[in-house]
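Asker: Given chain L's structure and the hints, the job is docking chain X with the ligands onto it.
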Amino acid sequence: MHIQEVFNAMYHKHHYEYLVINKSMAVVEFSDKIIDYCEEELLKTRNILISVIVPELYGLEQEMQEVFEGKREVIEIPFIKKDAYFITLSVQAGRKHDDNSIETLVILFENVTEYVSMQEKSVQDRNDKELLVTELSKKNDLLEKYNKHMMKLVDEEVSLNNKLNKEIIDTQREIIATMGAIGETRSKETGAHVLRVAEYSHRLALLSGLNLEEADELKMASPMHDIGKVGIEDAILNKPSKLTDDEFLKMKEHAVIGYNMLKGSNQKLLNTAAIIAHAHHEKWDGSGYPKGLKKNEIHIYGRITAITDVFDALGHDRVYKKAWKLEEIIDYLLKERGKHFDPMLIDLFINNIDQFTSIQKKFA
Amino acid sequence: MITKKIILIGDFSTGKTSLIRQFVDNQFSDEYLTTIGVKISKKIINIQEDLEIQLLVWDIEGQTDVKAINPAYVMGAHGVIIVADLTRQKSIVNIKEHLALSSKIIKNAPVIIALNKSDLLDNSSKIETTITEIKSSYSNISHIYPTSAKTGLNVELIFQNITKSILKI
Ligand SMILES: Nc1nc2c(ncn2[C@@H]2O[C@H](COP(=O)(O)OP(=O)(O)OP(=O)(O)O)[C@@H](O)[C@H]2O)c(=O)[nH]1
Ligand SMILES: [Mg+2]
Numbered sequence: 001m002h003i004q005e006v007f008n009a010m011y012h013k014h015h016y017e018y019l020v021i022n023k024s025m026a027v028v029e030f031s032d033k034i035i036d037y038c039e040e041e042l043l044k045t046r047n048i049l050i051s052v053i054v055p056e057l058y059g060l061e062q063e064m065q066e067v068f069e070g071k072r073e074v075i076e077i078p079f080i081k082k083d084a085y086f087i088t089l090s091v092q093a094g095r096k097h098d099d100n101s102i103e104t105l106v107i108l109f110e111n112v113t114e115y116v117s118m119q120e121k122s123v124q125d126r127n128d129k130e131l132l133v134t135e136l137s138k139k140n141d142l143l144e145k146y147n148k149h150m151m152k153l154v155d156e157e158v159s160l161n162n163k164l165n166k167e168i169i170d171t172q173r174e175i176i177a178t179m180g181a182i183g184e185t186r187s188k189e190t191g192a193h194v195l196r197v198a199e200y201s202h203r204l205a206l207l208s209g210l211n212l213e214e215a216d217e218l219k220m221a222s223p224m225h226d227i228g229k230v231g232i233e234d235a236i237l238n239k240p241s242k243l244t245d246d247e248f249l250k251m252k253e254h255a256v257i258g259y260n261m262l263k264g265s266n267q268k269l270l271n272t273a274a275i276i277a278h279a280h281h282e283k284w285d286g287s288g289y290p291k292g293l294k295k296n297e298i299h300i301y302g303r304i305t306a307i308t309d310v311f312d313a314l315g316h317d318r319v320y321k322k323a324w325k326l327e328e329i330i331d332y333l334l335k336e337r338g339k340h341f342d343p344m345l346i347d348l349f350i351n352n353i354d355q356f357t358s359i360q361k362k363f364a
Numbered sequence: 365m366i367t368k369k370i371i372l373i374g375d376f377s378t379g380k381t382s383l384i385r386q387f388v389d390n391q392f393s394d395e396y397l398t399t400i401g402v403k404i405s406k407k408i409i410n411i412q413e414d415l416e417i418q419l420l421v422w423d424i425e426g427q428t429d430v431k432a433i434n435p436a437y438v439m440g441a442h443g444v445i446i447v448a449d450l451t452r453q454k455s456i457v458n459i460k461e462h463l464a465l466s467s468k469i470i471k472n473a474p475v476i477i478a479l480n481k482s483d484l485l486d487n488s489s490k491i492e493t494t495i496t497e498i499k500s501s502y503s504n505i506s507h508i509y510p511t512s513a514k515t516g517l518n519v520e521l522i523f524q525n526i527t528k529s530i531l532k533i
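Protein chains in written order, with this note's numbering: chain L, 1 to 364; chain X, 365 to 533.
Isolated chain X, as found in the complex:
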């Protein structure tokens, strides 16, 4: 079976662990237990009717002001999901750093941006403007989605799409 390594990076507490938990176990918790180091989960998904892919999903300790993301976690990734928190502007600004890190260490791996916690916004205009801003700043990123680990919005979709991008289908 084809196996692919997907990493989730982003600022701390943006919901990386929660997105993976929703994707792998269909569960969500309001509790915040910060990730130390890295944890790898496996999930097999069906991309097409008879195309099963095993994903190794790397849940990586979030970046804080005092601690950058360890480049060793990024090495060898086939796809990158950068997670930002729509309610925390700084985590959106920092997408730039995460992009720089991943493109420095891995070449040609597709990148998806997940604007998480969309359930906490009560008007969608913030989402639209953020997406437009990101698109105009990073013209090579075409996949930007609002997500919610809480409601499950677009969670399956980002993993499906990153895998399709990796396989170029």
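Just chain L, same shape as in the assembly:
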């Protein structure tokens, strides 16, 4: 039986076509419809090399040799895309000599277009999906990086804000100290006076149960309690002898002047300062000025400053008097307990007098 008939019979229904080559890799036979896959012109050329007709086999001379020698059973190149279809090439032993050695190789062309088109969509889908996943994870990485960057920016922003806030507070404090100092220069009181009063007030505020924020607020605002004195004429302010009733009335105005200077600001600190300036000469029993308020009508900041201001003033020389001794001061404070001063605050003050004398030493 002719080999062509064998293959025709075997492979007909599988859409196989074939070429047969001899040991010199030249084409010796081919099936009828092989021209579907190879150039007819080339096929007609005598002794043409297989790799010219089937370029897919170019470079595989050694492998084909191995098939001839029986060292390799088959060379199969699956799914080769031609213009409109796919083929699978397979090279295997053909006719054998009597001694069983291989005389020819058969190259089979199988049309696998149908099989590939069944696979095509699912491969494309899978690859597209895979790409989408990688794309997403890239985006996620980016997002993470971006988030980290944002967090860093926010952190920086917050710390910048904190810094700015602190600057504002520092500036306010400086302004207040300066304003307080202006009042002092005019009244020839020492710069240390307002400072000490601020420290005592802070301490007493904490002892009385105010929280740290309130105590700080009081401490910062307190240097301005006498700011209104800038509106009092020098002759009265620095008079070395006792003031006349008229002069005293004028002097008393400093509380209201200070209040008017400081009130109406939208700065909490200045408002606090206004309260203190207004209230620090009020007395517990209602005999103080400018409003004659009583007991708890007087703001706690005012009641605190009333004690600390007097305590410090008595302990130091003034234009009109010499400094008092500590016992004399304590006696005075106790005598004025419930009259000038809030009795509860006086008790706290006297009971913790050590704390105040040590502040006095520290800021002397």
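Calculated from the structure, these hints are not laboratory results. Wrong hints could be hidden among the right ones.
[As the list claims (entries may be wrong)] The following label-pair restraints were derived from C-beta to C-beta distances:
id, chain 1, residue 1, chain 2, residue 2, range
1, X, SER503, L, HIS15, 17 to 27 Å
2, L, ASP36, X, ILE409, 28 to 38 Å
3, L, ASP36, X, LEU485, 41 to 51 Å
4, L, PRO55, X, SER503, 54 to 64 Å
Treat the numbers as computed from the prediction; the structure is a model and nothing was measured. Backbone N, C-alpha and C fix where the C-beta goes; we use that ideal spot for every residue, glycine too.
Answerer: For chain X with the ligands alone, kept in the frame of chain L given last:
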């Protein structure tokens, strides 16, 4: 005329088909049509003034997690271009596997690595570090190029150089 078989292997969607398309037809498309099996293109190039070489360029289905490269496509190649996608780290890591496959099946064939899609990177430091890393991991690979099938960067060059390496000129 001298004919040489050059294969392009690498992970799926790294741009093998696009590089060949740019090289053979001077065209590029953004569309992704995955290659099934293999497709062979022919192109004649001039290496020197009167040295024309016919290249058989094998565009091979890319490797995916579920499908390795068919070794039959690698057999008989005279030169190998391994294509990785600079924007996809895994495709760069997998260069190792492609190198192993080609050196197992073919001996002494020159290899060029194309780091493709370089047009998508907006700073070149990634390219430099990748090249340095590859060079230090595979000391025998001397030809590593950033490429772009989109802009055409180094496309002609990799085919020229692989052919020169094959011919040892
Ligand atoms: N920006 C850019 N895109 C590219 C480049 N090369 C390829 N692409 C795109 O990447 C996608 C995949 O390109 P292909 O050439 O099909 O990749 P492949 O390696 O042949 O893929 P498989 O055949 O599936 O292995 C396509 O959408 C291309 O447009 C390039 O250099 N730059
Ligand atoms: Mg492709």
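Asker: Could you work out which of the previously given hints the structure breaks and list their numbers from low to high?
Answerer: 1 and 4
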